[in-house]
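6 protein chains.
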Amino acid sequence: MDELTHFNDQNRAKMVDVTDKKITSRFAVATGKIKMHPETLNRIHEGKIKKGDVLAVAQIAGIMAAKQTSSLIPMCHLIPLTGVDIHFEDDNDTTITVTTKVKTKHVTGVEIEAILAAQTALLTIYDMCKAIDRGMLITDVHLVEKDGGKSGHFTY
Amino acid sequence: MDELTHFNDQNRAKMVDVTDKKITSRFAVATGKIKMHPETLNRIHEGKIKKGDVLAVAQIAGIMAAKQTSSLIPMCHLIPLTGVDIHFEDDNDTTITVTTKVKTKHVTGVEIEAILAAQTALLTIYDMCKAIDRGMLITDVHLVEKDGGKSGHFTY
Amino acid sequence: MDELTHFNDQNRAKMVDVTDKKITSRFAVATGKIKMHPETLNRIHEGKIKKGDVLAVAQIAGIMAAKQTSSLIPMCHLIPLTGVDIHFEDDNDTTITVTTKVKTKHVTGVEIEAILAAQTALLTIYDMCKAIDRGMLITDVHLVEKDGGKSGHFTY
Amino acid sequence: MDELTHFNDQNRAKMVDVTDKKITSRFAVATGKIKMHPETLNRIHEGKIKKGDVLAVAQIAGIMAAKQTSSLIPMCHLIPLTGVDIHFEDDNDTTITVTTKVKTKHVTGVEIEAILAAQTALLTIYDMCKAIDRGMLITDVHLVEKDGGKSGHFTY
Amino acid sequence: MDELTHFNDQNRAKMVDVTDKKITSRFAVATGKIKMHPETLNRIHEGKIKKGDVLAVAQIAGIMAAKQTSSLIPMCHLIPLTGVDIHFEDDNDTTITVTTKVKTKHVTGVEIEAILAAQTALLTIYDMCKAIDRGMLITDVHLVEKDGGKSGHFTY
Amino acid sequence: MDELTHFNDQNRAKMVDVTDKKITSRFAVATGKIKMHPETLNRIHEGKIKKGDVLAVAQIAGIMAAKQTSSLIPMCHLIPLTGVDIHFEDDNDTTITVTTKVKTKHVTGVEIEAILAAQTALLTIYDMCKAIDRGMLITDVHLVEKDGGKSGHFTY
Numbered sequence: 001m002d003e004l005t006h007f008n009d010q011n012r013a014k015m016v017d018v019t020d021k022k023i024t025s026r027f028a029v030a031t032g033k034i035k036m037h038p039e040t041l042n043r044i045h046e047g048k049i050k051k052g053d054v055l056a057v058a059q060i061a062g063i064m065a066a067k068q069t070s071s072l073i074p075m076c077h078l079i080p081l082t083g084v085d086i087h088f089e090d091d092n093d094t095t096i097t098v099t100t101k102v103k104t105k106h107v108t109g110v111e112i113e114a115i116l117a118a119q120t121a122l123l124t125i126y127d128m129c130k131a132i133d134r135g136m137l138i139t140d141v142h143l144v145e146k147d148g149g150k151s152g153h154f155t156y
Numbered sequence: 001m002d003e004l005t006h007f008n009d010q011n012r013a014k015m016v017d018v019t020d021k022k023i024t025s026r027f028a029v030a031t032g033k034i035k036m037h038p039e040t041l042n043r044i045h046e047g048k049i050k051k052g053d054v055l056a057v058a059q060i061a062g063i064m065a066a067k068q069t070s071s072l073i074p075m076c077h078l079i080p081l082t083g084v085d086i087h088f089e090d091d092n093d094t095t096i097t098v099t100t101k102v103k104t105k106h107v108t109g110v111e112i113e114a115i116l117a118a119q120t121a122l123l124t125i126y127d128m129c130k131a132i133d134r135g136m137l138i139t140d141v142h143l144v145e146k147d148g149g150k151s152g153h154f155t156y
Numbered sequence: 001m002d003e004l005t006h007f008n009d010q011n012r013a014k015m016v017d018v019t020d021k022k023i024t025s026r027f028a029v030a031t032g033k034i035k036m037h038p039e040t041l042n043r044i045h046e047g048k049i050k051k052g053d054v055l056a057v058a059q060i061a062g063i064m065a066a067k068q069t070s071s072l073i074p075m076c077h078l079i080p081l082t083g084v085d086i087h088f089e090d091d092n093d094t095t096i097t098v099t100t101k102v103k104t105k106h107v108t109g110v111e112i113e114a115i116l117a118a119q120t121a122l123l124t125i126y127d128m129c130k131a132i133d134r135g136m137l138i139t140d141v142h143l144v145e146k147d148g149g150k151s152g153h154f155t156y
Numbered sequence: 001m002d003e004l005t006h007f008n009d010q011n012r013a014k015m016v017d018v019t020d021k022k023i024t025s026r027f028a029v030a031t032g033k034i035k036m037h038p039e040t041l042n043r044i045h046e047g048k049i050k051k052g053d054v055l056a057v058a059q060i061a062g063i064m065a066a067k068q069t070s071s072l073i074p075m076c077h078l079i080p081l082t083g084v085d086i087h088f089e090d091d092n093d094t095t096i097t098v099t100t101k102v103k104t105k106h107v108t109g110v111e112i113e114a115i116l117a118a119q120t121a122l123l124t125i126y127d128m129c130k131a132i133d134r135g136m137l138i139t140d141v142h143l144v145e146k147d148g149g150k151s152g153h154f155t156y
Numbered sequence: 001m002d003e004l005t006h007f008n009d010q011n012r013a014k015m016v017d018v019t020d021k022k023i024t025s026r027f028a029v030a031t032g033k034i035k036m037h038p039e040t041l042n043r044i045h046e047g048k049i050k051k052g053d054v055l056a057v058a059q060i061a062g063i064m065a066a067k068q069t070s071s072l073i074p075m076c077h078l079i080p081l082t083g084v085d086i087h088f089e090d091d092n093d094t095t096i097t098v099t100t101k102v103k104t105k106h107v108t109g110v111e112i113e114a115i116l117a118a119q120t121a122l123l124t125i126y127d128m129c130k131a132i133d134r135g136m137l138i139t140d141v142h143l144v145e146k147d148g149g150k151s152g153h154f155t156y
Numbered sequence: 001m002d003e004l005t006h007f008n009d010q011n012r013a014k015m016v017d018v019t020d021k022k023i024t025s026r027f028a029v030a031t032g033k034i035k036m037h038p039e040t041l042n043r044i045h046e047g048k049i050k051k052g053d054v055l056a057v058a059q060i061a062g063i064m065a066a067k068q069t070s071s072l073i074p075m076c077h078l079i080p081l082t083g084v085d086i087h088f089e090d091d092n093d094t095t096i097t098v099t100t101k102v103k104t105k106h107v108t109g110v111e112i113e114a115i116l117a118a119q120t121a122l123l124t125i126y127d128m129c130k131a132i133d134r135g136m137l138i139t140d141v142h143l144v145e146k147d148g149g150k151s152g153h154f155t156y
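Protein chains in written order, with the working numbering: chain A, 1 to 156; chain B, 1 to 156; chain C, 1 to 156; chain D, 1 to 156; chain E, 1 to 156; chain F, 1 to 156.
Ranges of calculated distance between the beta carbons of each label pair, as one might list FRET restraints:
| no. | chain 1 | residue 1 | chain 2 | residue 2 | range |
| --- | --- | --- | --- | --- | --- |
| 1 | A | K21 | D | E46 | 52 to 58 Å |
| 2 | B | S151 | C | I23 | 20 to 26 Å |
| 3 | A | P38 | D | S25 | 51 to 57 Å |
FYI, nobody ran anything at the bench for these hints, they're computed from the structure.
C-beta: ideal position from N, C-alpha, C; glycine also.
Can you build the whole structure from these sequences, using the hints too?
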């Protein structure tokens with residue numbers, strides 16, 4: 001196991017020096033779930049047709065959040081992202097799964113960007129539906145896969 | 001069950017009109033977990049003494065994120081928060097639980113602020129430790145309790 | 001005609017002192033248009049059904065921009081908005097009109113917030129469609145109506 | 001006509017994948033107008049000498065807004081800009097025209113950045129003068145010219 | 001001497017709970033200096049007439065920064081400011097002094113806002129002139145006076 | 001002495017055109033001090049052990065601020081930073097000195113980023129301790145060293 005790399009010689013946090021790392025194509029895929037009352041999920045799907053589209057708002061929130069990663073996560077480098085895409089699917093009649101894919105061509109990876117996009121999309125679903133279901137649960141959020149850079153390929 | 005309130009008469013998203021709601025004291029408590037290798041959790045605790053303090057960074061990230069809620073979650077109102085506090089504890093040798101408490105005196109509640117603070121603290125732990133453990137899992141994120149406002153008291 | 005109120009005794013810009021102004025309910029309505037090839041407008045409407053919803057993205061962008069007004073317009077006060085709503089309609093086969101309504105209960109008005117929401121929604125339409133029509137024109141952006149505060153009611 | 005490229009296979013918005021596009025020098029020029037009472041324009045020009053400089057504030061607002069483009073326009077990539085310049089001129093005794101030029105060396109163009117800079121400069125003029133003239137009109141905002149990248153040269 | 005109030009029972013940072021504090025009118029005045037080559041100061045003053053206005057840019061930067069205080073300083077509450085004003089004067093042929101005044105009607109004070117406005121105005125002067133004088137010194141930055149709230153009046 | 005480069009042919013501010021500058025490895029080191037009552041400094045050090053860690057908050061604030069430089073300083077280019085590190089030491093029983101080091105591989109330097117990190121770390125110390133010592137003084141803030149780029153090496 002490697003050392004934790006985010007601390008300096010005063011044992012304080014630093015932004016890791018990546019000046020000499022190579023620019024390579026990188027991507028990361030993350031996922032997460034939100035569980036709710038079947039009635040809530042029903043409303044979301046009806047909504048898409050009749051009342052408005054909860055998932056469209058969640059999609060945009062996730063994409064925009066990915067671009068704010070370095071403002072929110074203290075030791076993250078700013079990374080100009082080259083692509084962000086988000087998909088939703090129902091697991092069953094109580095669960096929506098979000099899958100995010102983030103790409104870049106840069107010296108560091110975009111794992112945090114992908115997870116943040118997933119978290120934000122899920123929280124936006126919560127926000128849009130909380131008036132009818134405050135007990136929703138956000139769960140199983142993790143990196144699915146990443147590639148590019150020195151540490152190479154990872155699958156969960 | 002109430003209607004989804006975030007859509008207008010064109011079935012598009014809107015920021016709900018709260019102009020005539022009463023200002024009251026409100027709080028929300030949220031929680032979430034991050035699961036990791038026992039070795040990773042060990043390093044975090046050692047780190048607190050010898051190498052730096054992962055949870056101190058996560059704490060600050062969570063507090064600062066709570067203040068950015070209305071920038072990240074599309075239909076959230078800007079709420080001047082009157083207090084944010086965050087606690088961490090170990091569940092067992094593989095899990096850290098975060099608990100956040102957010103307070104305000106305003107026309108809408110701070111559930112989303114509390115959950116976002118929890119999510120961001122957990123993702124910061126992931127970011128600080130990902131070099132040694134990319135397979136960490138963020139899970140069981142939910143509102144624990146809220147009070148204040150027309151919808152009254154809620155516990156999960 | 002009143003004096004320009006945004007300058008100090010060194011003839012430099014300042015944020016106008018509103019400390020002693022009264023909190024009142026206020027709203028502002030703004031509008032603007034984007035003109036395009038009939039084919040582009042056609043695609044937007046088809047898109048709503050078959051390919052995705054340009055106006056849903058524009059709607060969310062406009063609402064989120066309204067919340068960023070004080071970060072973008074140098075002398076604007078931060079105003080906690082109590083509601084934002086946006087509507088789109090076709091004028092004819094080449095023009096979409098956006099109408100925004102912003103509300104607050106505060107010491108200053110939300111005219112700039114309403115216009116910024118309109119401008120951002122229109123620019124988002126441009127961005128989403130520029131691959132097929134770079135010659136779109138954003139035009140006729142103005143305040144339609146505002147009410148509340150010392151200066152009272154205004155209609156264009 | 002090309003396809004609208006901002007939608008994924010679920011017909012939802014995505015940030016277009018530009019990972020494999022070439023880095024080239026690019027620029028975009030945009031323009032827009034604000035129409036007002038002749039007395040207002042008069043005050044702006046007097047102001048420059050006696051009371052403060054409305055256009056100096058508008059200039060800075062426009063430049064700073066160009067840097068925020070990817071935070072405001074949902075599907076825009078973050079682009080490190082290499083230059084931003086803004087000019088104002090009077091068309092006649094009721095109209096100020098703004099012209100913006102934005103440059104980069106990147107994989108995507110800066111059309112949106114140039115238009116956003118123009119819109120923000122114009123809205124700042126409105127904000128600085130609204131106490132004396134709420135009926136100002138922002139109009140004729142469009143891309144003037146762009147160059148660089150696969151789609152090549154464009155003039156309005 | 002009072003306790004440091006920014007730490008919780010886990011000895012970690014928190015945003016202090018101000019839910020029950022009274023809303024009162026408050027202001028804070030801060031100051032700071034930047035020292036430079038006499039030739040640099042000369043250029044700034046010439047610039048005002050012939051080439052552009054360094055202090056106009058610094059003024060706007062300071063005002064806009066005051067509005068971002070809660071995003072930058074981790075434990076600061078978001079405070080809707082009711083006024084910001086900034087003045088510059090020469091101390092002698094090598095020094096510019098900035099004085100900032102920030103006002104609010106809120107539950108907490110605006111000392112940090114006033115100091116941040118001063119620091120940002122001074123750093124903007126540095127940025128605008130660094131091509132001709134990298135050795136400038138920012139110094140003597142402090143709160144001058146504040147009033148309002150439980151802790152009452154303070155002068156340096 | 002070179003010309004002030006931040007003004008255009010209308011004598012207004014612009015973001016300098018760096019499109020054709022070469023990408024090189026660059027760094028900047030900055031410093032600054034905060035002076036306080038000996039009792040305050042004592043509390044900070046005690047705090048590290050018993051009550052919480054003021055400098056840990058200041059460290060993170062400084063690093064996060066460096067990433068926001070182009071949002072705060074009007075004519076600064078956005079620069080993807082490749083590393084940020086911050087150290088604190090006591091000069092004597094009334095003074096903490098901060099030293100920041102910022103790195104990038106880009107077309108412009110990071111002097112402003114380094115100074116802003118120092119200023120923000122110092123202001124965060126002020127904020128965390130102001131309840132016990134409002135008379136703290138931030139002073140001696142300057143660039144210490146920079147390297148890389150056409151202007152080459154500089155030491156204060």
